[in-house]
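Engineer: Sequence:
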Amino acid sequence: MATKRVHFAPEPARTPSPCFSSSSFDSPTPKTPPSLPPQSLPHQSPYGYSKQFPPSPSGILVNPLVASPSHAGASQRPFVWDLRDRPSEISSHSAYDPAYPIPAASLSLAATTPPAHRLEIRCTYLPWKITVTPSQRFNNIYVTVGDIMSELYNCLRLQISQEEFNMACGGNPEYKHQIEAAYDRRVARSRSPREEKMKGIRRVDLLGDFTVFAGFEGVMGDKTSLMLCVRSRH
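Heads up, the sequence shown is in my numbering, so the first residue is 10 and it goes up one at a time.
There's no promise every hint is true.
[To be verified] Each computed SDA-like pair below joins lysine to any residue, with the alpha-carbon atoms no more than 25 angstroms apart:
| no. | residue 1 | residue 2 |
| --- | --- | --- |
| 1 | 138 | 230 |
| 2 | 232 | 115 |
| 3 | 138 | 149 |
| 4 | 208 | 180 |
| 5 | 232 | 127 |
| 6 | 206 | 189 |
| 7 | 185 | 171 |
[Stated by the list, open to error] Pair by pair, the computed Cβ-Cβ distance ranges are:
| no. | residue 1 | residue 2 | range |
| --- | --- | --- | --- |
| 8 | 241 | 181 | 12 to 22 angstroms |
| 9 | 140 | 87 | 22 to 32 angstroms |
| 10 | 186 | 124 | 38 to 48 angstroms |
| 11 | 70 | 202 | 40 to 50 angstroms |
| 12 | 182 | 145 | 39 to 49 angstroms |
| 13 | 242 | 200 | 25 to 35 angstroms |
| 14 | 181 | 100 | 25 to 35 angstroms |
| 15 | 114 | 175 | 41 to 51 angstroms |
| 16 | 241 | 115 | 19 to 29 angstroms |
Hints listed in this document are in silico derivations from the structure and should not be mistaken for laboratory results.
All C-beta atoms in this analysis are idealised placements derived from N, C-alpha and C, irrespective of residue type, glycine included.
Put together the whole structure using the sequences plus the hints.
Structural biologist: Next comes the structure, spelled out in structure tokens:
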């Protein structure tokens, strides 16, 4: 029986990929810690974010375009975003017109009310925080919708090293299988499977099957943090 080979980056790659077309905005540089604690199963997180950082908003409102369905004032999101794809590649709910390009005017809107000069993105299933600051594209003093979408995508695209993979698995063969299965699915759906396979496991693979963006929620007692919600396609 052949041994399965999974590729890793010698050191996590930090170069961001373009997220939107030039008509939208330029993507910022990821700002994430270099190491990862053990990975969680999608059904329960070992990091305790759900207890330490309740998802109920407190003094902050998320822009309806990227708010979770349970967030106050949120409406039906007009698009579906698989976090393995660039924000410029998100799709609509319509089978007749699958593309959903977000207008630049919408991307330039403040991500929260009141507007924030700095935001941290947390997720129950991810062990690190993503820091977002205003991009140079719009020269705004506040974080925009485009900023958080771009930064989220770029950070999840970072490759992980063998050491980080071992830390993520935590010696648990089930975690290892989940991550490798997510890696295989992502490679299979890419435009260049052979090339993507050589680039190795990325941080988005740690989400397992929970790769669909389900919006952001405010964090109780913290006006500078947002909780990322994700769901499975199934």
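Engineer: Quick one: which hint numbers does this structure break? Sort them smallest to largest.
Structural biologist: 13
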